[in-house]
Each structure stands twice: as structure tokens, then as C-alpha cells.
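The opening residue of the sequence shown carries number -19 in this note's numbering; numbering runs sequentially from there.
Think of the hints as simulated: they come from the structure by calculation, not from any bench.
The C-beta atom is built at its ideal place from N, Cα and C for all residues, glycine as well.
Treat the hints with caution; some may be incorrect.
Said to hold, decoys possible - Derived Cβ-Cβ restraints for the label pairs, each shown as a range: (1) N59 x E30: 13 to 21 Å; (2) P28 x D61: 35 to 43 Å; (3) P8 x A(-18): 43 to 51 Å; (4) L98 x P8: 23 to 31 Å; (5) M(-2) x G34: 24 to 32 Å; (6) A(-17) x V93: 23 to 31 Å; (7) E68 x E95: 29 to 37 Å; (8) A(-12) x A77: 35 to 43 Å; (9) P8 x E76: 18 to 26 Å; (10) C2 x T82: 22 to 30 Å.
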Amino acid sequence: LAATKKIAVDEPRVINFMGEDCRVYATPRIISDVEYTCRDFLLGHLDPGEDSVGTKVNWEHVGPALLGAEITISIKLTNVDGRRVSFEATVDDGPEAVARGTHERFIVDVQKVRERLLRKKAQRG
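My request is simple: use the sequences and hints to build the entire structure.
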């Protein structure tokens, strides 16, 4: 199973610490976009009340994508081990690779997560 998603590299997705001429797709935003692409893909296959959370990212940023570029995120489901789901992902801007890596997610029952977090919050007062 696989999916692709196209995203425009807009202002919130680029770095700004090297000046206007160096506004490129930031690594943390790439990772976030890949995580959400994997999550959105999984949502179509989960039962009501289930969602998934990211548990592992192994990432390599191999080339720049310029501000305004259209990038393609391609994900491929590589393994399902119980509730643990693994993906391979690539990001390109058409002719050139931008990033590649793997991402792991864990399928959760949203109500159980909510209850656990409320208990933790109550313990912290």
C-alpha cells in the first residue's frame, strides 16, 4: 500500500536564519509533513475511535526545495506488527530528491489515550 501527497513549500515551511536567498524547506517541517501524510493514510484504514501516533523517525535531508516549490511526498507501508506500522518515505521537488527515510507509527484507542493523559494531568495537579 502506498500514497502520495503534493505540498507547496510556503513561508511557514522554510528556514529564515540564513537570509532571503536561502529560504528552503526546513527539515523539521519535512518530517512533520511526512508524519501527517502517514497519519492521514492510516486514518482511512482504522476503526472508529482509533488514531495513530508517531514513535520513530529516521531521516536524511539530501537536497534543497526552494520556497514556492511543489514537492511530492511518497509513502509506502512496509510492515505491520500488531499495532506498530512502518513506512518508507521519499520527498522530491520533481527532478531532485529532497529527503528520504523511515517513519513508524503506533495505532491507539483515542479514548484510552485521553484517559491516560487525564490521569497524568491529575497527578501533576
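Hint-by-hint comparison with the structure:
1. N59 x E30: 13 to 21 Å: holds (18 Å)
2. P28 x D61: 35 to 43 Å: At roughly 23 Å between Cβ atoms, D61 and P28 fall outside 35 to 43 Å, so the hint is violated.
3. P8 x A(-18): 43 to 51 Å: violated (24 Å)
4. L98 x P8: 23 to 31 Å: holds (29 Å)
5. M(-2) x G34: 24 to 32 Å: Hint holds: Cβ distance 28 Å, inside 24 to 32 Å.
6. A(-17) x V93: 23 to 31 Å: For V93 against A(-17), whose Cβ atoms are near 24 Å apart, the range 23 to 31 Å holds.
7. E68 x E95: 29 to 37 Å: holds (33 Å)
8. A(-12) x A77: 35 to 43 Å: violated (18 Å)
9. P8 x E76: 18 to 26 Å: Since P8 and E76 have Cβ atoms about 20 Å apart, the given range 18 to 26 Å holds.
10. C2 x T82: 22 to 30 Å: Hint holds: Cβ distance 28 Å, inside 22 to 30 Å.
The structure fails hints 2, 3, 8 (numbered hints given earlier, in ascending order).
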